[in-house]
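Novice: Which chain is which? The protein sequence lines are C and G, in order. All the letters of the first sequence, read from the start, carry residue numbers 1 to 285 under the working numbering. All the letters of the second sequence, read from the start, carry residue numbers 1 to 257 under the working numbering.
No lab work stands behind these hints, which were simulated from the structure alone. One should not assume that every hint holds.
27 angstroms max Cα-Cα, derived DSSO-like pairs, lysine-lysine [said to hold, decoys possible]: (1) C:K89 x G:K23; (2) C:K42 x C:K55; (3) G:K245 x C:K95.
Below, each chain spelled out in residue letters.
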Amino acid sequence: MNTRSSYLYLLPIWIYLATMVVSPLLIVFLGSLGLSPYTGYKFTLEGYAQFFAGKYVEALVFTFWNSSLATIVAVLSGYFFALYLVINKPSWWNKLSFIPLIAIYTPYLIAAFMWWTLLWPRGYISLTLNSLLLNLGLIQTPLYLVNDPYGIGIILGKVWYTFTLTFLLTYGPLQLINPEIIEAARMLGANTRVIIRRIYLPLSRYALLASSSLVFLDNFTGVSVPLVLGAAWPQYLSVLILNDVTLFFNYIMAYTSGVIYIIIAVLSGYMFFRYTKKAISYHVR
Amino acid sequence: MSLLALFYLLPVTVTILYALAEKWYFGEDIFPTQVGLAWILTIANDPYVQRAFINSYILAPLTAIATILLCILPAYYLATNRGFASILTETLVNLSMALPAIVIGTGLLVIYTLLGLRGNLLALVPAHMIFAVPFSLRSITASFMQVPRELEEAARILGASRYQVILKVYLPLTWRGFLAAFIFSMAISLNEFVMTLLLGAPSIKTLTIVVYELIRGYAISPTRAAATSLFILVPSLLAGFLSEKYLRVSLSLAGGR
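Between the sequences and the hints, there should be enough to build the whole structure, so can you do that?
Specialist: If you want it as structure tokens, here you go:
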């Protein structure tokens with residue numbers, strides 16, 4: 001294919017990306033320096049000074065630990081579920097494999113609302129758990145499982161979706177592991193725990209790391225779940241940006257938070273693609 | 001197995017129960033005292049929700065079609081060339097997946113305001129496409145890669161142009177990849193909340209925006225929100241079920257069997 005004419009094939013997507021992805025990012029970056037129609041085109045670093053001085057850092061820290069915890073729960077449970085399927089090959093899986101995929105086809109906001117119906121003070125999970133803990137004498141007053149300052153509701157809502165994502169991203173690579181290696185290990189006396197530790201885990205580590213990065217990215221940058229299930233404070237950085245734009249019209253802080261958000265998100269994205277490539281080349285070899 | 005089913009089906013079941021609850025005194029009763037279709041019918045006859053329903057189901061297929069049209073030529077190039085331009089394009093497309101929607105939306109708000117596109121239904125299509133493009137491009141490229149090169153060479157020897165090769169050789173052989181891209185793009189558009197909230201305001205409402213309006217603040221209406229949710233949840237799950245049954249879309253995208 002002639003190089004010049006071949007670029008015509010890529011031109012539509014380049015124009016699209018330049019308009020819909022690169023331009024908004026430039027606008028956000030320039031806006032964080034005060035160079036935007038909404039900030040009066042006056043160069044300033046006030047946004048960054050304010051970001052690192054108060055509630056924005058608090059929101060960033062909350063976003064980071066809450067999404068990290070949700071990622072750990074989702075990745076561990078999703079990976080072990082994928083391992084269970086690969087090792088035990090349960091007969092019900094072929095008929096019921098759609099069940100965890102429900103999360104993939106449910107819009108985030110609707111999923112968040114569905115969890116809200118279970119976790120609000122009159123929700124079934126909230127009622128059951130609180131009555132159990134009260135009867136056992138472990139708590140004196142009912143726990144808030146949604147819109148709570150620890151983000152318990154956010155974690156549950158996120159795990160519901162990202163469990164499926166982890167499972168999907170690790171199930172395929174686990175299936176590609178040569179069964180003869182497992183067979184050989186079994187013949188040499190290895191039990192399931194040893195096989196997981198010495199064979200499955202090392203051979204699927206890149207897929208596991210790739211899924212962890214993607215799940216973290218999804219948890220870290222999402223808006224709908226923390227918006228519906230989160231507390232008035234502390235808030236996710238994404239919710240803070242949304243409020244700055246739609247309620248308080250504090251554009252300079254929205255832009256500044258956006259720049260910091262992008263830096264962290266791109267780093268996680270880089271990890272995801274790096275590990276994905278390694279996982280693919282590992283299996284191709 | 002039962003724990004997994006409970007984890008995934010309980011939220012869906014309870015939402016359906018809320019939608020069917022005609023009388024439910026949350027402070028006193030564990031279950032609704034009267035069930036029926038009253039809320040669902042009320043919502044179905046509400047012009048505000050009807051408008052949102054129409055908007056959602058206009059935007060979703062338009063987004064899917066526009067995404068596929070945008071991806072055909074680049075996918076052909078990516079499937080047949082592995083040079084610098086391919087790597088750069090793939091990196092840029094993949095990078096867009098990593099970017100927070102709220103940040104891109106905040107930047108797009110300036111562009112849309114300057115161009116007078118805020119509150120324009122059709123102008124939301126390119127915004128809804130942002131997160132659909134990476135999945136669709138990957139799906140279409142992968143299906144193009146599976147077409148034997150000999151078929152293209154034979155068509156070229158017989159005098160077909162590259163565009164004819166794409167239209168007459170590739171497209172008929174790769175419909176599964178296109179269908180997967182179409183379904184995923186539609187699902188992403190139906191899922192889209194932030195872009196619609198930022199760029200569609202104040203006039204464009206979709207079903208997710210209506211649900212959000214019903215559950216935010218202090219005037220929460222769980223039964224109405226649940227009934228509205230069903231109008232997006234049931235078609236999404238049905239499409240998902242059919243696509244998994246016949247195409248194994250997400251499992252094949254993830255490399256599983």
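Novice: Under the constraints set out in the numbered hints, which ones does this structure not fulfil?
Specialist: When the structure is compared with the hints, only number 1 turns out to be violated.
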